[in-house]
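There are 2 protein chains.
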Amino acid sequence: MKLEAFLRPRSVAVIGASREPGKVGHRVLRNIVAGGFGGEVYPVNPKAEEILGMRCYRSVVEIPDDVDLGVIVVPAKLVPGIVEECGRKGVKGVVVISAGFSETGMEGLELERRIVEICRQYGIRMLGPNCLGIINTWEKMNASFSGASPMPGNIALVSQSGALGSAILNWAIDKNVGLSNFVSVGNEADLTSADFVEALAEDDRVRVIGLYVEGVKEGRRFVEVCEKVVRKKPIVALKAGKTEVGMRAVMSHTGSLAGYDVAFTAACRKAGVIRVERMEELFELVAGFGPQPPMRGRGVLIVTNGGGPGVLAADACEETGLQIPLLEEEIREKLGKSLPPHASVHNPVDLVGDADALRYRVALTAGLRSGKINGAIVIVTPQAMTPVEEIAEEILKVRRELGDKPILPVFMGIGGSPIEILRKNGLPNYEFPESAAFVMRKMYDYFVTVTAPEEEPPMKDIDEGAIAGVLEKASRERRAVLTIEECMKVAEACGIRMPPAGVAKSRGEAVEVAERIGYPVVLKVISPDIIHKTDVGGVVLNVKSAEEVERSYDTILRRVRVTMPEARIAGILVCKMVPTGKEVIVGSVRDVQFGPLVMFGLGGIYVNFLRDVSQRLCPLTQREVAEMIREIRAYPLLAGVRGEAPADIEALVDVILRVSSVMQRFERIVEMEINPLCVYEKGKGCLAVDMRITVEKGAE
Amino acid sequence: MKLEAFLRPRSVAVIGASREPGKVGHRVLRNIVAGGFGGEVYPVNPKAEEILGMRCYRSVVEIPDDVDLGVIVVPAKLVPGIVEECGRKGVKGVVVISAGFSETGMEGLELERRIVEICRQYGIRMLGPNCLGIINTWEKMNASFSGASPMPGNIALVSQSGALGSAILNWAIDKNVGLSNFVSVGNEADLTSADFVEALAEDDRVRVIGLYVEGVKEGRRFVEVCEKVVRKKPIVALKAGKTEVGMRAVMSHTGSLAGYDVAFTAACRKAGVIRVERMEELFELVAGFGPQPPMRGRGVLIVTNGGGPGVLAADACEETGLQIPLLEEEIREKLGKSLPPHASVHNPVDLVGDADALRYRVALTAGLRSGKINGAIVIVTPQAMTPVEEIAEEILKVRRELGDKPILPVFMGIGGSPIEILRKNGLPNYEFPESAAFVMRKMYDYFVTVTAPEEEPPMKDIDEGAIAGVLEKASRERRAVLTIEECMKVAEACGIRMPPAGVAKSRGEAVEVAERIGYPVVLKVISPDIIHKTDVGGVVLNVKSAEEVERSYDTILRRVRVTMPEARIAGILVCKMVPTGKEVIVGSVRDVQFGPLVMFGLGGIYVNFLRDVSQRLCPLTQREVAEMIREIRAYPLLAGVRGEAPADIEALVDVILRVSSVMQRFERIVEMEINPLCVYEKGKGCLAVDMRITVEKGAE
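Protein chains in written order, with the numbering used here: chain U, 17 to 716; chain W, 17 to 716.
Check before you lean on any hint, since a few could be wrong.
Because identical chains cannot be distinguished in the list, a pair is counted as satisfied if it fits within a single copy or across any two copies.
Below 20 Å or equal to it, Euclidean Cα-Cα: the simulated EDC-like pairs (lysine to aspartate or glutamate) are [as the list claims (entries may be wrong)]:
1. 108 x 683
2. 191 x 296
3. 191 x 436
4. 39 x 372
Note that these hints are calculated values from the structure, not bench results. Because the structure is a prediction, the values reported are computed rather than measured.
Only chain U is shown next, with the shape it has when bound in the complex (with noise of 0.2 Å):
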């Protein structure tokens, strides 16, 4: 098992312990004592001889036997003396609770990487700075300073706040939730949330993992980790700073860079993971996740005992994408036979207001029996005489019989006993019948994604010798911005195609060009300090004749001047005028933390003002890509509206493809968009009309 110092140590030094019961040193062993931890605890504080009644050592180094794990509370100016004491001893792990780190500053941030260093040095890895600390429940082992310990449980969660943390921790508490594992990850100096992600995947008592993630170090590996976690358990997260204002605060309180959040959205996408937008949300699902079987459709039967929670069920469940189907009509009439004339044997199943707990098995077993329901929300209102705890003993029956279908209880209204007796069998209570129909789709969503066949992104042909040279040239001349012949070449190389054209430095270069390429030709304006060139006068389209493209020339000349007297112009780029097709954004950026980033859009306001984009992180799969196409909300007039032909999305597919394999090949390569691409009727392929790459700019 991996972090198996962290996860299941047989010994714990609590370095920094104190005899004080209000200090944070003195918690966390208490903690750890109180917990009933089966290991060894040794406390380690030079100026006491005893805590808690156990013996206690002037170093780590004292300790006769072996130390699996430091968990390390003294001030943060003594903790590398601390962690190099710890790495004489050979301990295998150090949960670093102090905080005054990078979190701080760069004095905070310089104390920080002396500390990683020591860790590497000695081998010992180190969970922290800054953190609340780890609680592995099934162990005992509660090695934080928390107030309280969940109950064993199913959910690990893994948080990168400790304020965020604590609260997740009570309300677990709170709600009687059983952890399984509880890791506050602080400023990630070493292990990071997806090491104990990786880790937390081997165990098998661990059923979802729930992160609270600020920023991600180490993207790719996050992303690569979850992929694989993922196929074997949901992983829901949580991520602030979402907005302007949210990364602001990220950005002044931890040391952590928060990477843009279209990218995070994106590689949750890519992994698999579970992003969610609200707190309730996080809680929502790890409590929904845990303890249930697949929903393997998107069928949902809802049984209740009143009329208005029943539509509002329904309601919340269509606008999910989730289906409300009818039963099967010999369903329907065995639930006739059974229930009383008031009640509706339709789906919704509505048992009336004094349904007892009879009806409620009989419309269960009935329902889920169905080949078309794959999971039931079951709504219970306090009506007169409901018998509430009944009901709950019954929705447990039943799940016992017919385990294979995930049933959601809400109990509305209703607290106490009914929903300990969910509790202790694994089962949460959901108060309101929307977040009992959010869940579900979720788990529909994850049964998607378990299932789906793995799928190997296609390596594209792609000529890279010639795209390195292109590179290589723009680097010793310390270009960022790659000219239209070079992006040109390019294109070639990837196999993405261009209407013919030439770069023309005077009249007579312009017609010779056109001449070789055929009539009907565009002329364009090459500047680098043109980007809108349509709005400087700086494009004709076509243009017939040798006559009109001498005109055209001298025009196009002579607007620029006047328009942007400043501008740079590095000549006229003749190029064969295509026929009209729908236009397209192709676009890649390269973000620092998840690398190259796919975004697809359909051409003109759409784009610009409708925002309505796609985006997905490579290397991208052609099922990912024909995601990302059907996405937008625009993707009717791709598909072909009003008898219209559909466009050749197969064409279109293709070059997405080659510039996710170009971005992934060339790291060189900043950002690269082909705006716009003409996609035209299926079977007659795309044309890239126009194309912009920015690489690194070379070394000085």
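Chain W: place on chain U using the hints.
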């Protein structure tokens, strides 16, 4: 006070009172007595002498004194007789708890109609039937069969679902949220939700009204009542039956008519009612609105003892459109002096993990005094030594001192005494920062609603006589669809410009019309059977001469004969070719409940595939129309993008207002659509290129 017999009765008779503790007739009586009701209580039951120590009457007519309210809990079939007796006795109001009426089918509906008739006959008002009852906490009157009573407070809840009502009640009791009134309106055979909203508006103890709605009866009245009440206090509405399945369930379980969901949304907007999407949001909002001063702007101060939750709150605020302004320098300086060095004095103000109550006081008082700040979210996470009670007390103190801005507490993962402290002082707690952000935003919206100047819908000049003439003719001829010539007349009478045009029944006529209106012209087939004229080849554009007119005339007829051989052809419309403008759609339909509804969107794919439309209920005001136009996602296209001239929004507003006026004045018009309406550059107006009007068919 309106509905005094229900909200403040001096005497109550429980008709169908029972000696058996399990029975509803016993529960209701016991609830009234146990609640400490100050007025007279009379049990009525022909078979009992005494119940709960009170003298029992054989019939309501036997009661020696006046009876304000009769609560009826007898089998459905006996209800008409009982109501009759109540009438004879002079009872002012009855609450019919009994079920078995319109919710069960035709027979029940008949019974329900009978009791309504009896009520009308005697001038009695009725709540129900098929309801939970009514609770007025300040009057200590619990005339319901609920298991427990909520404590008095400032929230009134009106529910169309008994099941949901009982869940709401339990929720309020469980969370210690005070209610002023709880009204279960049941089938609304006589008194409706709107009646209670109107009555509750007059009670100063009610600060916010929450509604659970399935289908609104008397939609216009609902809007008018709410529109008035909202100026005094906020109304929050949750409606079930949003999606198709939801609708199915609503239909099958109550006798009420679920108005179109879109119309309800428009009705809420019109009235300023805050519509929520989830049950939890209803709770969050009513709990938040009760005790808070208005949120007068978008600026939110976030104070936290944990960075992570602060970021989540900031994210959530920004996402709802609130702002997290940077505090003024002098405030930051002041905070810098009073807070420890690692604290962040930027907004979110991070007091760091060991924050005490004093730090909260310092941050709150300084921050709330900022001119940029309109309200505060205070986050408390349970860290090592967080003094949660003290912080709760301090928040209350600050609130007393600086009571003019709302403060929403978010104690995370913290239960027990601090929450009790807040509740007792009327403050809710939000478990999650996202909930507080949501409530803040809605409080701001409410402020905007109530402070907006009241605006009269403008009445546009319309030649009513001309329109009436057209409608009468169609009615006489029992036609539901107006001809294009009739539509042109209506447009002219409304002051909506259409391009000059004429209908031709022969080639010669076509040329005649074309010569009259001038070239170029467009020819379009006119047929009641053809919706999409272009798809069948029924349109020829840009026809420039008499000869071309003749040729095009023949072409259209030939094409249509091939593509739709059975289509009836009423002629060919010859129409002046208009310059290209921005194409928009303006339409209106008449909803059964809420009356005419106007829809606006950009033409073509925006409406059809992107569903980018906005809707409002008539009669429209200038401001509403301006909002409708700005609201669509494609609005930038109208405002002018990339240096394009802006469209003539003023002229567009005028057309929309004219459609609203016509729909408002002519109830017989069921549907009206201008598609496309070409909007030209600012100052150049619009032209209705095509129009469709449907009317009620004349009686046979």
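To see whether the hints hold, each was checked on the structure:
no., hint, verdict
1, 108 x 683, "neither (36 Å within a copy, 83 Å between copies)"
2, 191 x 296, "both (13 Å within a copy, 18 Å between copies)"
3, 191 x 436, "both (9 Å within a copy, 18 Å between copies)"
4, 39 x 372, "between (53 Å within a copy, 16 Å between copies)"
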